[in-house]
Amino acid sequence: MKVLVAVKRVVDYNVKIRVKADQTGVDLSNVKMSMNPFDEIAVEEALRMKEAGTADEVIAVSIGVQQCQETIRTALAMGADRGILVKTDAVLEPLHVAKILKAVVDEEQPGLVILGKQAIDDDCNQTGQMLAALLGWPQGTFASEIEFADGKANVTREVDGGLQTLKLNLPMIVTTDLRLNEPRYASLPNIMKAKKKPIDEKTPEALGVDMAPHLTTLNVAEPPKRQAGVIVENVAELVHKLRNEAGVI
Amino acid sequence: MSVLVIAEHDNVDLKPATLAVVTAATALGGDVDILVIGSGCASVGEAAANVAGVAKVLVADAPEYAHMLAEPMADLVVPLARNYAAVMAVANTVGKNFMPRVAALLDVSQISEISAIVSPDTFIRPIYAGNAMATVQSSDAIKIITVRPTGFEKAAAEGGAASVENLASAGDPGLSAFVGEALSKSERPELTAAKIIISGGRGMQSGDNFPMIEAVADLLGAAVGASRAAVDAGFVPNDYQVGQTGKVVAPELYIAVGISGAIQHLAGMKDSKVIVAINKDEEAPIFQVADYGLVADLFKAVPELEEELKKLPPA
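Chains as they are written, first to last, in this note's numbering: chain A, 1 to 249; chain B, 250 to 564.
These aren't lab readings, by the way, just hints derived from the structure by calculation.
Here a beta-carbon is modelled for each residue, glycine too, at the ideal position from N, C-alpha and C.
Any given hint might turn out to be false.
As the list claims (entries may be wrong) - If you want the footprint, here are the derived chain B segments under chain A, 3+ residues with CB under 8 Å:
id : region
1  : 295-309
2  : 526-538
To be verified - Over the 10 Å line for every Cβ pair with chain B, so calculated as not near, a few chain A residues:
id : residue
3  : K16
4  : A52
5  : D56
6  : E107
7  : P183
8  : L218
9  : N234
10 : I249
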């Protein structure tokens, strides 16, 4: 089975972002960029399937500016076999990304596509579900465990009340949650090897995808700041203040 | 044009988060209808008809909707959505699962987790774990929106007299099937509905120490939550997680115990009315958002808190 993994280049999760002074967006100049952490989990899961013999090829796809190639190289260094970069400078909404991924799926015919459940920049949590809809495939979102049996997959999902297990037909879409696995670090020899792995370049136009915007960002602002309060001396004072000052207990 | 609200429920009770979505829907203008999708869910339909300000309740009651799987739900909602200006659902794990599927099938973009409404086509939503607030305008004819209930007052649960209409099932596309679930059983309130929450973090050191904060929770009638670090370490199950990728809560009182205050945790609780932090590290970022901070060893402070609360006369 061929496994396609979608990887997004985002501001590194350790970076404290700054809103631009003119409120047009978040300042991305000279900021460290990395692979979206949920996508690292997606790559790792695909690699484990390959090591277990369930998958025979792992393809990493990224969509966006030329530098997304670095994100694909990271996936290749972790162990993915080859990459596809769909190059565009357009503002990407999850719907665009899902349509581009659908076009790639139509060409590559994978048995499984794994995506992160959300990207830590726009926090949308949409792309995997949208891709499943466009393909008419089942979706196993927020996955914490995937098992294959009898030509189907059992996907355990992290839901509000606990865990839910579904049996899904193949091909299918999976989106990863935090507890699915712990992604590996790329070793130096593998980073060197990854430089020789092939990356195909495509464009949304060549794939026939309409990139017209549906949403316009009018403004990006700092959230209201919360003021630090007081430090209390002991538990008795805390309880006294919660009862008599805040009135919450 | 009217707005369709998808009810959050467990086939028995209508969940209060739905009432916050009704308020958000009302802000868009036009009639508000509620759609209940479930199995054996007639009581939910009745409760929805009582909600103040609701024009009509639609009930799709069929076995294939028992576990709220995305594929059959989307097939039901897509044709209905074409009659509405907007479809809104709670941004919980059900809404997040099926709503993008609906949006893609309608060829529209979803607006995720809105926390405020500027106008019928313009919304405010948090990005970067709530470290920035984006104002986005949608040009789509049908707006598919998930709503953060903490951003909106709840509509009155009583006072309405909506008509109830039963819908035929749209069928099961046969792509997915329910196998089983392991749901946390607790007598305590649900995290997203609790007035008071006490959460433990990495500082708890082990799941064996959580009974200490559970004892406090029971004195306060509080729910118990956790930071991602505590869940990743296996102290407590995933459904305890408060944060950017877990549950977003805004109780009257949030007590953070042994939680340093990572950005992604703050994203899930910083709209709480009163925040208390108990941490032995006085430099911990949680103190920057706390109304009341106690710099102390939690293993000493939490049992003391339990004792002090026991001594407290009834309010």
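Each hint tested on the structure:
Look at the region 295-309 of chain B against chain A: 0 of its residues bring a Cβ nearer than 8 Å to a Cβ of that chain, fewer than three, so the hint is violated. Three residues within the 8 Å Cβ limit are the bar, and the region 526-538 of chain B against chain A gives 4, so the coverage statement holds. The claim that K16(A) is not at the interface with chain B is violated, since a C-beta of that chain comes within 10 Å of its own (minimum 7 Å). Distance to chain B confirms A52(A) as a non-interface residue, since its nearest Cβ pair spans about 21 Å, more than 10 Å.
No Cβ of chain B approaches the Cβ of D56(A) within 10 Å, the least distance being about 24 Å, so the stated non-interface status holds. Remark: the non-interface label on E107(A) is consistent with the geometry, its nearest Cβ contact in chain B lying 19 Å away (cut-off 10 Å). Under the 10 Å C-beta cut-off, the non-interface status given to P183(A) relative to chain B holds; the minimum distance is some 13 Å. A Cβ of chain B approaches the Cβ of L218(A) within 10 Å, the least distance being about 5 Å, so the stated non-interface status is violated.
For N234(A), the non-interface assignment is contradicted: its Cβ lies about 7 Å from the closest Cβ of chain B, within the 10 Å cut-off. The Cβ of I249(A) does not lie farther than 10 Å from every Cβ of chain B; its closest approach is about 6 Å, which violates its non-interface assignment.
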